[in-house]
Amino acid sequence: MIIGNSSAEVVGGTGRDSETGEAGEAAPFLFDFLPPPPDVEPYVTTYFSLRCDRARIDDVQPAAVALFLVFLKGEGRMRTGDGVIHVSHRTSLVTPLSAAAEITVEGPWHAFGAAIGPLGWAALTGRLSAAKWSDRMVEAGSLLGPEVTRLGENLIDGHRAGTLRPQDMVAMASRVFGARAMHIPPRHEDLIRAVAEWLGASLSPRLEDLVATTPYSPRQLQRLVDHYFGLSPSQLARKYRALRAAALLCHPGTPADQIAHVEEQFYDQPHMIREIRHFTGCTPGRLARTNQPLRSASVDLRNYVEIRPKVAAMPSGLGLLSHGHLAMPKRDT
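Residue numbers (the numbering used here): 18 to 350.
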């Protein structure tokens, strides 16, 4: 999941030089995370821009919420877990991912996008089933309306002309999304928030706790959560257990007692490795050494600690030292 509120330069990523076409050392992969304005904040977790001036980028997108993605420069493809290859569009929508997906981009790659949470998916698609549409990359206008396709073309034109700053793109996208957002039944909005709070209460939340906080029967709950989140409650808990475990395990400053707590959430180490690989595309050991910046940014611990995600915040106390700040690696003196 790409979420955050700050700029970052991530040095890494495999690829070839955009001028010579030869394999070379990793080039900077530049992210700029931009918060949404209040009127679309319920729908958009964050806006982001990214840039990598390589001729080819091979990376992985971990299981995530939906992503609105405008290819300002470059084109790519996504291979989902079922082996299907989805080709990018100038204005693309990556639907909610139930597992990690391989990403290949013919660069240089410049993009602008938005991470769209479950409420945003429902409001912007007209309550289409996230389960039925999961694990795809489609032309964004096919699900979000022709005005979103026009938005993408305007962003591409402005980028090429050099007349749009990222903040301008945020304002343009927010106007379109705000006008597009459709009514969601209040009880369903409450359910979406309840599921997010349930996920954020524990690395391994119990289904009976969710049932106790909602007015729905277990069967109704299964159907509604599947519709809005793309997975059943148990599968959703499994997904975010793995993603948050990966974020804690690959951060060098995570205290030993928190590492032990993470390991206790799984039957044994092989089970933990399988789960994390399924949802991030990489084993825990390789995550800390990966040279794939998109994947690294998506499982960055700051995503779960320093901001308030719409889904599955890090449970209280995890990822933090006793003084309440993000656990950072100790430095030799």
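No lab work stands behind these hints: they were computed from the structure.
Cβ atoms here follow ideal geometry from the backbone N, Cα and C, with glycine treated the same way.
Incorrect hints may have been included.
[Stated by the list, open to error] DEER-style ranges, computed between Cβ atoms:
(1) R291 - A218: 20 to 26 Å
(2) E225 - T180: 52 to 58 Å
(3) R240 - D99: 20 to 26 Å
(4) S159 - R96: 29 to 35 Å
(5) E170 - R240: 34 to 40 Å
Each hint, compared with the structure:
no. : hint                    : in the structure
1   : R291 - A218: 20 to 26 Å : holds (25 Å)
2   : E225 - T180: 52 to 58 Å : holds (55 Å)
3   : R240 - D99: 20 to 26 Å  : holds (23 Å)
4   : S159 - R96: 29 to 35 Å  : violated (20 Å)
5   : E170 - R240: 34 to 40 Å : holds (37 Å)
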